[in-house]
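> Residue numbers (the numbering used here), protein chains in the order written: chain A, 1 to 317; chain B, 1 to 277.
Since the hints were made in silico from the structure, they are not lab data.
Be a bit skeptical, because a hint or two may be false.
Derived DEER-like restraints, expressed as beta-carbon distance ranges [as the list claims (entries may be wrong)]:
1. B/144 <-> A/140: 41 to 47 Å
2. A/136 <-> B/139: 36 to 42 Å
3. B/231 <-> A/102: 55 to 61 Å
4. B/106 <-> A/131: 24 to 30 Å
5. B/172 <-> A/39: 56 to 62 Å
6. A/159 <-> B/168: 53 to 59 Å
7. A/70 <-> B/164: 54 to 60 Å
8. B/119 <-> A/30: 45 to 51 Å
9. B/140 <-> A/136: 50 to 56 Å
10. A/131 <-> B/40: 24 to 30 Å
11. A/157 <-> B/87: 23 to 29 Å
We put the CB at the ideal spot given by N, CA and C, even for glycine.
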Amino acid sequence: MAANENNKNTAIDVKGMIAKNKQGKSLSSITEKLIPVVLFLFAIITVFTTVGIVITLLTETIEFFKRVPIWDFFTGTVLKPMSQNPEFGVLPLLNGTIISSTIAMLVAGPIGLMAAIYLSEYASDRVRKVLKPMLEILAGIPTIVYGFFAFTFVTPLIRSIWPDVAATNILSPGIVMGIMIIPMIASLSEDAMSSVPNAMREGALGLGATKLETTFKVVIPAALSGIIASFVLGISRAIGETMIVTIASGSSKNFTFDITQSMQTMTAYIVEVSGGEAAAGTTIYYSLYAVAMTLFVFTLLMNLLARYVSRRFREEY
Amino acid sequence: MSLLTVKENMVMVNNGNIDIASSIANNNVVFDTKELNLWYGETHALKDINLKIKENEVTAIIGPSGCGKSTYLKTLNRMVELVPTVRTTGEISYKGQSILDKSFKVENLRTRVGMVFQKPNPFPKSIYDNIAYGPRIHGIRNKKILDEIVEKSLRGAYIWDEVKDRLKENAYGLSGGQQQRLCIARTLAIEPDVILMDEPTSALDPKSTLKIEDLVQELKKDYSIIIVTHNMQQAARISDRTAFFLDGEVVEFDVTDTIFTKPNDSRTEDYISGRFG
């Protein structure tokens, strides 16, 4: 005890130092209370932004529908905004968006998932450490580069095999969008599969299951909600993708299912019109907002669907 | 092995006390381990293991943490190979077949040698699908047959009455003890010969532990059971033979009674009397 006291007096006086430092506490307690308020303000910015965007879109869209009947907009198969007698049917754009996204997912879905299975279940640690960052570099390439890649490399390549394909077509940008989305699906699916506990794999292997049976009957079902979420994010990305289709698919507003032809997506339409002759107040100008609103609702629905599906298929572990 | 000797063995076991002479005389060895050495990278985890494990008995493996007992158990169904750096020498023969040979199909081995893990690890599926998983991957798809297998396995693991009305519910809704019995039932569903148990009760409460121990006593009528346990009382209660592992070596392997009452090696005595570990 005596030694202890002695120690306290001669060595550093921790107790005293703490007491001394505590004297300035009134200031720090104000900071403690203020910080959450400030942080809350930052958090609310995102909400305000979203609300602001929706309001802008909505008011301008309503203005558009005063000039063009809503029924004509959603059922019209002809889009001729610059013509003498303009027509504003959105179906060619919706069709272009759906077709290009479908092609993209047909490429990205299987390749991304297979890559994820390899990385998560088969690759050794060393291979994974090299492959995964490389895959993620693919995700960092600017989309304009992909656009040029589609126009100057993939299209000529397709045309050399299949001469019917037009110089601007939806097939090539669809494929390249798929390539762009592969890393997203591969990386997110891989995360979902690696987070399945090893105990699950051991349980299956211990019953005499092969690696393939373990992967397909235990790991993938357990990771399904994450895998589906990655697919839906991929679809959203494809729907919202702009540059690749703008460059490689041209601006023909064809309403067709022929993937060898040029089509325009909703995003590409917005780029074309807003970069050109849309004077404020004209019908063309308002049509931008109507298309943007459609796009917004479309992606919103996708996200809601994703939430529903991933909850529906969730295997809790 | 002849059917007769198996039955004799069962009678013997059922009588409680084991007739040492006759049990040594019968030659029903499931696992014959000769000069087994195992390394994890540079770490020498198992050293010159020689063990003969008999059919229709409960063999307990005890020893302090890190002594290699779990490693040895996982070598018996080659689960240890999931660790990429593992290397083995020596031989283990399962009913006369050399299993460490790479040409031996590991899936066939694991179909005959089931395993129950330390932490209950049911699949995130329904109770029914958990049990049906094994039969399904081995090609049994007939719904009626599967129904029967599921009921029989769940009854075998004494969990049928608790779950019969909720077979379609997720297995994760069960308590820890129920989950572990479900995992035992899942193993029973493919009718293995041997069940390896890696500290199956270490994550369970005393009541569930007792249930598993009773279950083990029942199961040894039809299965050979090898159980790794931290709990020496458990080894004493449920096993016929006990192997004491220390630093990757088998210090002593004998009839459980002998190990716990008059061990040959002083290290065994020190361990079971609680002087270390």
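> All hints, please: hold or fail.
Hint check results:
{"no.": "1", "hint": "B/144 <-> A/140: 41 to 47 Å", "result": "violated, 55 Å"}
{"no.": "2", "hint": "A/136 <-> B/139: 36 to 42 Å", "result": "holds, 40 Å"}
{"no.": "3", "hint": "B/231 <-> A/102: 55 to 61 Å", "result": "holds, 59 Å"}
{"no.": "4", "hint": "B/106 <-> A/131: 24 to 30 Å", "result": "holds, 27 Å"}
{"no.": "5", "hint": "B/172 <-> A/39: 56 to 62 Å", "result": "violated, 36 Å"}
{"no.": "6", "hint": "A/159 <-> B/168: 53 to 59 Å", "result": "holds, 55 Å"}
{"no.": "7", "hint": "A/70 <-> B/164: 54 to 60 Å", "result": "holds, 57 Å"}
{"no.": "8", "hint": "B/119 <-> A/30: 45 to 51 Å", "result": "holds, 48 Å"}
{"no.": "9", "hint": "B/140 <-> A/136: 50 to 56 Å", "result": "violated, 43 Å"}
{"no.": "10", "hint": "A/131 <-> B/40: 24 to 30 Å", "result": "holds, 26 Å"}
{"no.": "11", "hint": "A/157 <-> B/87: 23 to 29 Å", "result": "violated, 48 Å"}
Violated hints for the displayed structure, listed by number in ascending order: 1, 5, 9 and 11.
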